[in-house]
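Peer 1: Chain by chain, the residues:
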Amino acid sequence: QSSVTLFGIIDTNFGYVDNTNAAGDSKYGIGTSGNATSRLGFRGVEDLGGGLKAGFWLEGEIFGDNGNASGFNFQRESTVRLSGNFGEVRLGRELVPTYRKVSSYDVFGQVGIGMFQGWSNWAGVGTADANGYRQSNIVSYYTPNFSGFTAGAGYGFDEQATGKEGRYAGAFGAYDNGPLSVALSFDRRNVGALGAGTKDNLTVGGSYDLSVVKINALLQQAKYKDVGAASGKYNSYGLGLTAPVGAGEIKAQYVMYDQKAIDSKAHQFALGYVHNLSKRTALYGTVAYLKNKDASNMALQAKQVSTTGPGAGENQTGVQLGIRHSF
Amino acid sequence: QSSVTLFGIIDTNFGYVDNTNAAGDSKYGIGTSGNATSRLGFRGVEDLGGGLKAGFWLEGEIFGDNGNASGFNFQRESTVRLSGNFGEVRLGRELVPTYRKVSSYDVFGQVGIGMFQGWSNWAGVGTADANGYRQSNIVSYYTPNFSGFTAGAGYGFDEQATGKEGRYAGAFGAYDNGPLSVALSFDRRNVGALGAGTKDNLTVGGSYDLSVVKINALLQQAKYKDVGAASGKYNSYGLGLTAPVGAGEIKAQYVMYDQKAIDSKAHQFALGYVHNLSKRTALYGTVAYLKNKDASNMALQAKQVSTTGPGAGENQTGVQLGIRHSF
Amino acid sequence: QSSVTLFGIIDTNFGYVDNTNAAGDSKYGIGTSGNATSRLGFRGVEDLGGGLKAGFWLEGEIFGDNGNASGFNFQRESTVRLSGNFGEVRLGRELVPTYRKVSSYDVFGQVGIGMFQGWSNWAGVGTADANGYRQSNIVSYYTPNFSGFTAGAGYGFDEQATGKEGRYAGAFGAYDNGPLSVALSFDRRNVGALGAGTKDNLTVGGSYDLSVVKINALLQQAKYKDVGAASGKYNSYGLGLTAPVGAGEIKAQYVMYDQKAIDSKAHQFALGYVHNLSKRTALYGTVAYLKNKDASNMALQAKQVSTTGPGAGENQTGVQLGIRHSF
Numbered sequence: 048q049s050s051v052t053l054f055g056i057i058d059t060n061f062g063y064v065d066n067t068n069a070a071g072d073s074k075y076g077i078g079t080s081g082n083a084t085s086r087l088g089f090r091g092v093e094d095l096g097g098g099l100k101a102g103f104w105l106e107g108e109i110f111g112d113n114g115n116a117s118g119f120n121f122q123r124e125s126t127v128r129l130s131g132n133f134g135e136v137r138l139g140r141e142l143v144p145t146y147r148k149v150s151s152y153d154v155f156g157q158v159g160i161g162m163f164q165g166w167s168n169w170a171g172v173g174t175a176d177a178n179g180y181r182q183s184n185i186v187s188y189y190t191p192n193f194s195g196f197t198a199g200a201g202y203g204f205d206e207q208a209t210g211k212e213g214r215y216a217g218a219f220g221a222y223d224n225g226p227l228s229v230a231l232s233f234d235r236r237n238v239g240a241l242g243a244g245t246k247d248n249l250t251v252g253g254s255y256d257l258s259v260v261k262i263n264a265l266l267q268q269a270k271y272k273d274v275g276a277a278s279g280k281y282n283s284y285g286l287g288l289t290a291p292v293g294a295g296e297i298k299a300q301y302v303m304y305d306q307k308a309i310d311s312k313a314h315q316f317a318l319g320y321v322h323n324l325s326k327r328t329a330l331y332g333t334v335a336y337l338k339n340k341d342a343s344n345m346a347l348q349a350k351q352v353s354t355t356g357p358g359a360g361e362n363q364t365g366v367q368l369g370i371r372h373s374f
Numbered sequence: 048q049s050s051v052t053l054f055g056i057i058d059t060n061f062g063y064v065d066n067t068n069a070a071g072d073s074k075y076g077i078g079t080s081g082n083a084t085s086r087l088g089f090r091g092v093e094d095l096g097g098g099l100k101a102g103f104w105l106e107g108e109i110f111g112d113n114g115n116a117s118g119f120n121f122q123r124e125s126t127v128r129l130s131g132n133f134g135e136v137r138l139g140r141e142l143v144p145t146y147r148k149v150s151s152y153d154v155f156g157q158v159g160i161g162m163f164q165g166w167s168n169w170a171g172v173g174t175a176d177a178n179g180y181r182q183s184n185i186v187s188y189y190t191p192n193f194s195g196f197t198a199g200a201g202y203g204f205d206e207q208a209t210g211k212e213g214r215y216a217g218a219f220g221a222y223d224n225g226p227l228s229v230a231l232s233f234d235r236r237n238v239g240a241l242g243a244g245t246k247d248n249l250t251v252g253g254s255y256d257l258s259v260v261k262i263n264a265l266l267q268q269a270k271y272k273d274v275g276a277a278s279g280k281y282n283s284y285g286l287g288l289t290a291p292v293g294a295g296e297i298k299a300q301y302v303m304y305d306q307k308a309i310d311s312k313a314h315q316f317a318l319g320y321v322h323n324l325s326k327r328t329a330l331y332g333t334v335a336y337l338k339n340k341d342a343s344n345m346a347l348q349a350k351q352v353s354t355t356g357p358g359a360g361e362n363q364t365g366v367q368l369g370i371r372h373s374f
Numbered sequence: 048q049s050s051v052t053l054f055g056i057i058d059t060n061f062g063y064v065d066n067t068n069a070a071g072d073s074k075y076g077i078g079t080s081g082n083a084t085s086r087l088g089f090r091g092v093e094d095l096g097g098g099l100k101a102g103f104w105l106e107g108e109i110f111g112d113n114g115n116a117s118g119f120n121f122q123r124e125s126t127v128r129l130s131g132n133f134g135e136v137r138l139g140r141e142l143v144p145t146y147r148k149v150s151s152y153d154v155f156g157q158v159g160i161g162m163f164q165g166w167s168n169w170a171g172v173g174t175a176d177a178n179g180y181r182q183s184n185i186v187s188y189y190t191p192n193f194s195g196f197t198a199g200a201g202y203g204f205d206e207q208a209t210g211k212e213g214r215y216a217g218a219f220g221a222y223d224n225g226p227l228s229v230a231l232s233f234d235r236r237n238v239g240a241l242g243a244g245t246k247d248n249l250t251v252g253g254s255y256d257l258s259v260v261k262i263n264a265l266l267q268q269a270k271y272k273d274v275g276a277a278s279g280k281y282n283s284y285g286l287g288l289t290a291p292v293g294a295g296e297i298k299a300q301y302v303m304y305d306q307k308a309i310d311s312k313a314h315q316f317a318l319g320y321v322h323n324l325s326k327r328t329a330l331y332g333t334v335a336y337l338k339n340k341d342a343s344n345m346a347l348q349a350k351q352v353s354t355t356g357p358g359a360g361e362n363q364t365g366v367q368l369g370i371r372h373s374f
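Residue numbers (our numbering), protein chains in the order written: chain A, 48 to 374; chain B, 48 to 374; chain C, 48 to 374.
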């Protein structure tokens, strides 16, 4: 019996986005991860007896359009774990606990042109992980499920000789019961010179399944403090619907980004359809429209085709048609 | 039942090449991919019913001499596929259809010091893929086999906001029947500033198996247009023989490179022997001689030992002795 | 039956080191490879009949704290092998024969804050491999075991057009019989401009198992010659003890580094405990103290937390608490 499971997803699509720069040029080509992030991973679990288990998870992103021109790594997740009646403790690099659960209320699964973009490095300060998805050097803890209640917390070390730039701390709580699901999370990152500034993310999300349609909501505030001109708030409000239709699913989502720090708003509308050819394979299509107002210069996330903004106050339309294959 | 097949080849050799620079210095050491390109890959196929199949292929090169000092990636192939009675459609990065079949008439399999070098970035314009082997952002289509006839076509997106540098389009047709095999391919790449120039590759190849010996021929023209001083033609003419001897195979090939753009010729002679220890493992040896005339400064391809030219009009001799192990 | 074995280790820890720079700052965070080097690999063996076997080994390091931020490669080992009654021949990149066996007398297994640091690029001349662990472009030979006697030799090609910088040559012999194990190795590397200088490593080690405790000794001289001011000797003397206690093992080691080239000494004391949760999984803890004298500025090796010196003549204390999980 092997102690390793090899797994992955390849999601590749035709993508089109107009107004990909201030000159108004459009781009089209082969993009990746329109329905799920392409990945390759190795994971395993060992039963140590007495309810105790050890495990590991190594997972890296795949860029199917160019064969990972920048090289392959395991930055999606690299953890070693111990779990038991007490819950689970993990060490390494992974999605932060304050993202893992609450991000599930984005009906586009945090990928592609329809995705909720509240998690972003809005003010451009801090490390690459300041977008809020993942953290290196993190220890995290997840509780067992108590009648639908779950919770978790994490601490990411800054590993600085002086200061605390890159440090992370956060916690979440969630409740799932029948058709209802809700979650709340809060985290803080130390950003800027010596980590003297902070980026706080407060997120609340929920869904209710009416069987013919499932309603999702996601509200988030990203607040930058003590980082000079970059200080300020970015509020994101998302409302999404999913509805099963035969072998497929229709998805629709509206997100409003109230970028108070720059006194500007943006509106994102997305409609998608996923057609399952099997449990492992699906075809999908998404259209999205992003309306920037005033100084806002947000972009649709058509990975590996275009992710750059149209210019302040300009709009962007995008299409993705692709295939997702899991193994 | 696992949905993934893990596969690969390690091919490592002792290599020697004289005249590796204008000073006439020779080089020797441990090289890679003398008989087949060293690789590691993951692939799988899923039966979707009704003759339809989904699949994926991830494959990266292995440099056994230094452990992939520049990192591991999947630039040899990263595709997701759908196939059925209609043929096969692939998305991602891979060998272009105009190379895959017709390159098979090189008796040295496009590796090592004996290889046919018509596919090269002769004029040094365009992206790394301008050598003509592979293409990122490509969609390709392969027909089913109709009584020996097969064909395919591909289109590689440039993904430029302005211009079309890096765009690829090409098609091939082939016929295999008993001892006879022939193929023809044509492709165009947009190269140079904004892709205003073109590199066209026209290739025809064939083989005839006389049982005691198999005769191979490969003729190719690479034509650069509208790229200033780099414009011009490069014609390559190859003639190869293979003959089974016991558990092994003898290979011999002559290639003449008529570099019309620089009004210079080069002649390459190669002799090789492959001794199979099993279906998976072989020992091999190759000797090759490259005769540059006038301004020609071509080099023998002793990967990871020496691939640099001896200087205009100078000659080069090379030897590779190695082992190829598949898994 | 698959021809490939997928294997690996993830070893992640909490690490702390004081005096990590001249300002006396301490560092703490998530480190890697405190008890064994984290790795992911693919290997296989094929029986060719008649006692002959072919095989391969691809293995790369895993940095579980950041998911291999610098990319994944196979620089730990990339070899193809042939073995039989004559012994084994290997081609590629791997641990040099003069390190493989004799380094086993370091009771901390050449990882973490307790490790014997004789193998180092003391004078800072030569390539990255001048630390003495590994070599690219190497061919090596290992004898069969003759009643406890084993030996091996290797030659690493420099692959230079002129000069011989990076060349390696070395051999070892060893004897294992019941409680006794001894080994001796010598190697030479060509370092500095054109490889005109040399770095010689002479190492002798041994262990004796008294059942309740096992005594290990490791003596090494690294001698730099003809590299100007960097010439000189570095002698390292290690004495280690291991003792099984229940499901675990206690380890203690003292190493004295007599850096004659800079007329300075350093003393390293380490104490560790490994608690096995299963054959595959263990928890561990190590404390270490490094006392630099005069111009010595050595550092404890708390990988991915701190490996920098405290300043000349300053001391360093470190702690590692971690988990090692093999698959």
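The reader is advised that the hints may include incorrect statements.
As the list claims (entries may be wrong) - Pairs of lysine-lysine, DSSO-like flavour, derived with a Cα cap of 27 Å:
id, chain 1, residue 1, chain 2, residue 2
1, B, K326, C, K100
2, B, K211, B, K261
3, C, K326, A, K100
4, A, K326, B, K261
5, C, K211, C, K280
Said to hold, decoys possible - Covered stretches of chain C, going by a simulated chain A footprint (3 or more residues, C-beta under 8 Å):
id, stretch
6, 75–86
7, 109–115
8, 134–146
9, 167–177
10, 274–284
Said to hold, decoys possible - Covered stretches of chain A, going by a simulated chain B footprint (3 or more residues, C-beta under 8 Å):
id, stretch
11, 113–125
12, 255–263
If you're looking for bench data, these hints aren't it; they were derived computationally from the structure.
Don't be surprised by glycine CBs; every beta carbon is placed ideally from N, CA and C.
Peer 1: Are the hints correct? Go through all of them and say.
Peer 2: Going through the hints against the structure:
no. : hint               : result
1   : K326/B with K100/C : 13 Å, holds
2   : K211/B with K261/B : 42 Å, violated
3   : K326/C with K100/A : 13 Å, holds
4   : K326/A with K261/B : 47 Å, violated
5   : K211/C with K280/C : 22 Å, holds
6   : 75–86              : holds (count 3)
7   : 109–115            : holds (count 7)
8   : 134–146            : violated (count 0)
9   : 167–177            : violated (count 0)
10  : 274–284            : violated (count 0)
11  : 113–125            : holds (count 7)
12  : 255–263            : violated (count 0)
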